[in-house]
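Visitor: Below, each chain spelled out in residue letters.
There are 2 protein chains.
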Amino acid sequence: MTTTSQRSIKTQCKDAYEASSELSTLSTQVKNDALLDMADAIRNNIPTILEANQRDIENGIQNGLSTALVDRLKLNEERMMGVATSVEEIAALKDPIGETLTGWKQPNGLEISKVRVPLGVISIIYEARPNVTVDAISLAIKTGNAIVLRGSSSAYESNKALSDVMRSAAEKAGVPGKAIQLLDDTSREGVQTLIKMDDYLNLVIPRGGAGLIQSVVKNATVPAIETGVGNCHVYVDKDADLEKALPLVINAKTHRPSVCNSAESLLIHQDVAETFLPQCLQALSDAGVEIRGCEKTLALFPPAKAVTDEDYYTEFLDLFLSVKVVSSLDGALEHIKTYGSHHSEAIVSENVTSIQSFIDHVDAAAVLVNASTRFTDGGVFGFGAEMGISTQKTHARGPMGLPELTSYKYIVKGDGHIR
Amino acid sequence: MTTTSQRSIKTQCKDAYEASSELSTLSTQVKNDALLDMADAIRNNIPTILEANQRDIENGIQNGLSTALVDRLKLNEERMMGVATSVEEIAALKDPIGETLTGWKQPNGLEISKVRVPLGVISIIYEARPNVTVDAISLAIKTGNAIVLRGSSSAYESNKALSDVMRSAAEKAGVPGKAIQLLDDTSREGVQTLIKMDDYLNLVIPRGGAGLIQSVVKNATVPAIETGVGNCHVYVDKDADLEKALPLVINAKTHRPSVCNSAESLLIHQDVAETFLPQCLQALSDAGVEIRGCEKTLALFPPAKAVTDEDYYTEFLDLFLSVKVVSSLDGALEHIKTYGSHHSEAIVSENVTSIQSFIDHVDAAAVLVNASTRFTDGGVFGFGAEMGISTQKTHARGPMGLPELTSYKYIVKGDGHIR
Numbered sequence: 000m001t002t003t004s005q006r007s008i009k010t011q012c013k014d015a016y017e018a019s020s021e022l023s024t025l026s027t028q029v030k031n032d033a034l035l036d037m038a039d040a041i042r043n044n045i046p047t048i049l050e051a052n053q054r055d056i057e058n059g060i061q062n063g064l065s066t067a068l069v070d071r072l073k074l075n076e077e078r079m080m081g082v083a084t085s086v087e088e089i090a091a092l093k094d095p096i097g098e099t100l101t102g103w104k105q106p107n108g109l110e111i112s113k114v115r116v117p118l119g120v121i122s123i124i125y126e127a128r129p130n131v132t133v134d135a136i137s138l139a140i141k142t143g144n145a146i147v148l149r150g151s152s153s154a155y156e157s158n159k160a161l162s163d164v165m166r167s168a169a170e171k172a173g174v175p176g177k178a179i180q181l182l183d184d185t186s187r188e189g190v191q192t193l194i195k196m197d198d199y200l201n202l203v204i205p206r207g208g209a210g211l212i213q214s215v216v217k218n219a220t221v222p223a224i225e226t227g228v229g230n231c232h233v234y235v236d237k238d239a240d241l242e243k244a245l246p247l248v249i250n251a252k253t254h255r256p257s258v259c260n261s262a263e264s265l266l267i268h269q270d271v272a273e274t275f276l277p278q279c280l281q282a283l284s285d286a287g288v289e290i291r292g293c294e295k296t297l298a299l300f301p302p303a304k305a306v307t308d309e310d311y312y313t314e315f316l317d318l319f320l321s322v323k324v325v326s327s328l329d330g331a332l333e334h335i336k337t338y339g340s341h342h343s344e345a346i347v348s349e350n351v352t353s354i355q356s357f358i359d360h361v362d363a364a365a366v367l368v369n370a371s372t373r374f375t376d377g378g379v380f381g382f383g384a385e386m387g388i389s390t391q392k393t394h395a396r397g398p399m400g401l402p403e404l405t406s407y408k409y410i411v412k413g414d415g416h417i418r
Numbered sequence: 000m001t002t003t004s005q006r007s008i009k010t011q012c013k014d015a016y017e018a019s020s021e022l023s024t025l026s027t028q029v030k031n032d033a034l035l036d037m038a039d040a041i042r043n044n045i046p047t048i049l050e051a052n053q054r055d056i057e058n059g060i061q062n063g064l065s066t067a068l069v070d071r072l073k074l075n076e077e078r079m080m081g082v083a084t085s086v087e088e089i090a091a092l093k094d095p096i097g098e099t100l101t102g103w104k105q106p107n108g109l110e111i112s113k114v115r116v117p118l119g120v121i122s123i124i125y126e127a128r129p130n131v132t133v134d135a136i137s138l139a140i141k142t143g144n145a146i147v148l149r150g151s152s153s154a155y156e157s158n159k160a161l162s163d164v165m166r167s168a169a170e171k172a173g174v175p176g177k178a179i180q181l182l183d184d185t186s187r188e189g190v191q192t193l194i195k196m197d198d199y200l201n202l203v204i205p206r207g208g209a210g211l212i213q214s215v216v217k218n219a220t221v222p223a224i225e226t227g228v229g230n231c232h233v234y235v236d237k238d239a240d241l242e243k244a245l246p247l248v249i250n251a252k253t254h255r256p257s258v259c260n261s262a263e264s265l266l267i268h269q270d271v272a273e274t275f276l277p278q279c280l281q282a283l284s285d286a287g288v289e290i291r292g293c294e295k296t297l298a299l300f301p302p303a304k305a306v307t308d309e310d311y312y313t314e315f316l317d318l319f320l321s322v323k324v325v326s327s328l329d330g331a332l333e334h335i336k337t338y339g340s341h342h343s344e345a346i347v348s349e350n351v352t353s354i355q356s357f358i359d360h361v362d363a364a365a366v367l368v369n370a371s372t373r374f375t376d377g378g379v380f381g382f383g384a385e386m387g388i389s390t391q392k393t394h395a396r397g398p399m400g401l402p403e404l405t406s407y408k409y410i411v412k413g414d415g416h417i418r
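Quick mapping for you: the protein sequence lines, in order, are chains P and H. Just so you know, we're using numbering that gives the first Met the number 0 here: the first sequence kicks off at 0 and counts up by one. Just so you know, we're using numbering that gives the first Met the number 0 here: the second sequence kicks off at 0 and counts up by one.
Quick caveat, the hints were computed from the structure, so don't treat them as lab data. Computed from a predicted structure; not experimentally measured. Be aware that a few hints might be false.
When chains are identical, the list treats them as one kind, so a pair holds in a single copy or across two.
[What the hints assert, rightly or not] Each computed EDC-like pair below joins lysine to aspartate or glutamate, with the alpha-carbon atoms no more than 20 Å apart: (1) 237 to 270; (2) 217 to 198; (3) 13 to 98; (4) 217 to 197; (5) 304 to 385; (6) 336 to 21; (7) 73 to 50; (8) 217 to 188; (9) 13 to 333; (10) 412 to 76; (11) 159 to 57; (12) 9 to 198.
Make a model of the complete structure from these sequences and hints.
Guide: Spelled out as structure tokens, the structure:
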């Protein structure tokens with residue numbers, strides 16, 4: 000934004016906070032109408048949005064952004080139409096706000112109910128993906144929350160165009176415009192300021208690399224949700240059906256290697272390693288995956304490179320796979336406990352006891368049995384939308400849909416009751 | 000404890016973490032048997048516990064602890080019997096762990112279920128109330144969580160005796176003893192170390208003064224729950240039934256002034272101030288309450304002292320009450336928004352519209368309608384137990400019972416499913 004002076008992070012957070020009270024009481028109708036109008040507005044303003052995006056692209060190229068990142072940043076008419084449709088899909092979801100979660104009458108006549116309410120103000124810190132701007136605004140408005148967006152500086156023009164278009168449509172539909180705040184300040188230091196705005200923010204969700212997420216979780220005074228780092232394992236048990244295991248491992252690794260629910264590590268029981276590994280690793284290798292294996296793996300598949308401890312800790316998000324032969328299910332559990340990121344862990348086995356032990360002892364948001372790790376996803380789970388995947392245990396775990404963006408309050412009705 | 004060397008906070012947190020995996024898979028039977036055995040062990044060891052308590056009392060008197068604090072610290076046989084019974088009551092509650100919260104089958108045949116699991120390791124930081132040691136251990140074991148207790152140094156001997164007795168009984172019943180850790184290090188700096196043990200702890204709950212709670216919430220890298228600060232208001236609307244309002248205000252203020260759900264502030268609509276205030280404030284004054292009022296209050300009740308802005312912010316936890324005459328419901332809402340602590344807010348009114356507006360706009364864990372703020376309590380709500388009252392909106396809000404000490408995981412079962 001070049002025409003107005005930069006607002007401070009505090010000003011923008013405070014504005015969002017001020018709007019949140021009104022937002023929390025908007026009717027479902029007003030919120031849904033606003034969302035449908037926002038979708039239309041995106042469609043009607045595609046040229047403006049793409050122009051802004053083009054400025055980001057040019058800046059990115061000038062600043063030496065990698066081709067992969069420029070590709071991720073790039074919008075086109077088709078993507079914009081898809082994004083507008085996703086806003087309409089969010090409008091069509093059930094409004095969670097106002098739902099009575101439970102209610103009861105006490106013997107003394109007091110009526111107690113627990114009713115779902117918005118969190119208040121949500122902030123999201125994210126990488127250069129302008130579609131996240133649209134998703135986050137839509138999910139926030141749907142759940143009656145104000146939102147403070149801290150997008151990447153390299154996507155600022157695109158984010159600005161999108162949020163301006165959406166805010167303008169929302170305002171006309173009766174949603175307070177201040178509820179949608181795209182931070183002008185996209186400096187690195189700004190993140191540290193943002194995550195300490197506990198007077199105004201109720202939740203901060205960092206999305207992006209492990210470094211950012213750890214920095215936010217460790218330094219935030221605003222409640223934060225750890226998201227998305229997925230150092231996911233597939234464990235092929237001695238009692239696995241290897242005909243199921245082969246396509247499953249390949250799918251978990253290669254279907255979309257850049258996302259958090261892809262597998263980064265294969266653990267295999269020693270009893271089936273000789274039968275399974277050479278064939279499986281050859282297939283992965285043929286698909287372009289670089290194999291980094293333990294000594295036993297190297298013996299069975301000589302083209303592999305030697306794995307390091309750091310490899311075991313790494314979420315590659317790329318065509319690399321660490322491989323370890325384990326002597327037992329317990330060995331696999333121990334490895335996952337040491338190196339896993341509590342995201343998604345899969346077992347391939349036909350043995351009911353082994354499966355139950357894996358389910359009980361693996362400490363992860365999702366435990367998958369004879370299914371690819373790729374299934375941990377709000378869309379796949381049928382949530383209709385996703386604000387990220389939580390890898391912590393408080394507030395929300397796993398894919399976060401609409402209910403995970405809410406809180407509740409107790410309403411206690413009496414007739415002059417005293418204790 | 001003087002006979003063993005002091006273990007470090009890290010060692011004790013790590014021990015709890017190591018025990019948490021085994022603890023999470025204990026059967027309901029084992030956990031309940033352990034709780035019943037712990038209750039018996041408390042009853043059978045009352046002399047030992049009271050001796051330890053006597054050492055704390057003597058140290059406290061030597062160190063100049065106030066009479067009120069010494070009284071709070073003091074245990075006796077009757078209290079111990081009551082505490083043992085409360086452990087049995089917790090044993091009798093339904094085990095939340097393993098409960099399937101929801102489950103469904105996807106069109107592709109994948110079966111997804113959401114199952115309640117323990118959080119892992121919970122830590123609680125609390126004041127010199129030895130009964131909290133017993134409550135916290137019992138609630139943790141019941142919910143399959145390991146617990147790290149950071150009690151007050153002035154209650155160390157009592158806490159040590161209680162936790163030793165309970166741990167020993169738990170171990171005999173098949174619960175890993177390391178799951179129950181009373182920190183040897185009760186230094187003030189130790190709190191700062193404890194709240195950064197995010198490698199081992201899943202949740203920290205600070206209980207005590209506002210200063211401690213804010214320090215923990217601001218500095219913790221472990222997810223923390225803000226508890227207990229209750230700057231609670233009673234708003235007497237212009238359409239209040241004043242015959243209900245009078246006992247309600249008196250109850251909210253004087254029933255148990257030292258606890259968080261007591262009222263600290265009275266807001267009254269100007270239309271009924273002249274009728275209601277003199278009588279109400281006289282009654283409160285007769286009950287020993289010091290009134291600190293706004294100018295209009297002073298005019299109607301001259302014995303009051305002039306209120307300060309700081310008074311409005313203060314959780315007195317004592318026989319003081321700030322009083323403000325407001326010109327409208329909105330004035331009351333604005334005041335609560337500025338000064339409230341999101342705990343419990345009450346309205347006295349017969350006007351359905353005013354009541355609904357109060358419910359909608361007050362941002363608090365509990366909104367009470369024609370009922371005393373004193374009703375916000377896990378026991379009163381029928382939770383059977385309470386680990387504190389959350390005043391934040393993420394994870395848990397309001398009284399925290401057993402479910403609030405749990406998380407969940409998704410279990411996804413396929414038959415070789417790939418995307």
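Visitor: Check each numbered hint against the structure and report the violated ones by number, ascending.
Guide: 3, 5 and 10
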